[in-house]
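**Q** For the protein sequence lines, the chains are A and B, in the order given.
Under this note's numbering, the first residue of the first sequence is numbered 1, with each subsequent residue one higher.
Under this note's numbering, the first residue of the second sequence is numbered 1001, with each subsequent residue one higher.
Worth flagging that the hints you see were computed from the coordinates, not collected in a lab.
Since we're looking at a predicted model, the values are computed, not measured.
Where a beta carbon is used, it is the ideal one built from N, C-alpha and C, also for glycine.
A hint or two may mislead.
[Said to hold, decoys possible] Mimicking DMTMM-like on lysine to aspartate or glutamate, the simulated pairs with C-alpha atoms at most 25 Å apart in a straight line are:
#1 A:K45 <-> B:D1056
#2 A:K42 <-> B:E1100
#3 A:K42 <-> B:D1063
#4 A:K98 <-> B:D1056
#5 A:K98 <-> B:E1044
#6 A:K42 <-> B:D1024
#7 A:K2 <-> B:D1056
#8 A:K2 <-> B:D1024
#9 A:K42 <-> B:E1085
[Stated by the list, open to error] Which residues of chain B face chain A? A few of them, derived with a C-beta cut under 10 Å, are:
#10 Y1033
#11 S1058
#12 F1065
#13 A1088
#14 V1089
#15 R1108
#16 T1110
#17 T1112
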Amino acid sequence: RKEVEQDPGPFNVPEGATVAFNCTYSNSASQSFFWYRQDCRKEPKLLMSVYSSGNEDGRFTAQLNRASQYISLLIRDSKLSDSATYLCVVSHSPGTYKYIFGTGTRLKVLA
Amino acid sequence: GAGVSQSPSNKVTEKGKDVELRCDPISGHTALYWYRQSLGQGLEFLIYFQGNSAPDKSGLPSDRFSAERTGGSVSTLTIQRTQQEDSAVYLCASSSDTYEQYFGPGTRLTVT
């Protein structure tokens, strides 16, 4: 089993739709979680951290489910500019700076 | 402020040659990472440096790969005797105590 798993997609959704991605992780001791966005042939950029209590940033909501070992990203009112690959990132172990990146979920928002 | 910078942005080299890739992290960031990403693939961890601690080299794919970080700032990733399978985008990232990583634009390495 991979340490971090994501559905590769693509998720094709119309503008204005709500879309959600999940990411599962295998190490129950992981403590830090992030979502990154990567545009084609560009570097990953931090989208948001994922806190235990969940967090929201505008149209984006991230949640953590420790019991089932997954994190989620919800995008409301999708925009064409949201089209990208979304990477799930999980810390390797507590107190470490080492992170494991998922292979990403590709989102295409269609006009 | 200035972000992470990497040089060169593109490098084409012949098989068997050595290459050096450079990373300038964000000022004050204590952690520095190297990853590589092959076309259509996820990020592969190579090495990270944290302050004055010994680097975590567990991701380096072979002994042809090495990296150093001088003065806790600039880092150089060296690949000796390059092979075609080394072709990829090499990404550097840095982070502070918040653990959030900020990436440079990458170096696209092509081994012919």
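**Q** Hint by hint, say whether it matches the structure.
**A** Each hint tested on the structure:
no., hint, verdict
1, A:K45 <-> B:D1056, "23 Å, holds"
2, A:K42 <-> B:E1100, "18 Å, holds"
3, A:K42 <-> B:D1063, "28 Å, violated"
4, A:K98 <-> B:D1056, "8 Å, holds"
5, A:K98 <-> B:E1044, "12 Å, holds"
6, A:K42 <-> B:D1024, "18 Å, holds"
7, A:K2 <-> B:D1056, "21 Å, holds"
8, A:K2 <-> B:D1024, "31 Å, violated"
9, A:K42 <-> B:E1085, "21 Å, holds"
10, Y1033, "8 Å, holds"
11, S1058, "8 Å, holds"
12, F1065, "17 Å, violated"
13, A1088, "13 Å, violated"
14, V1089, "8 Å, holds"
15, R1108, "9 Å, holds"
16, T1110, "14 Å, violated"
17, T1112, "20 Å, violated"
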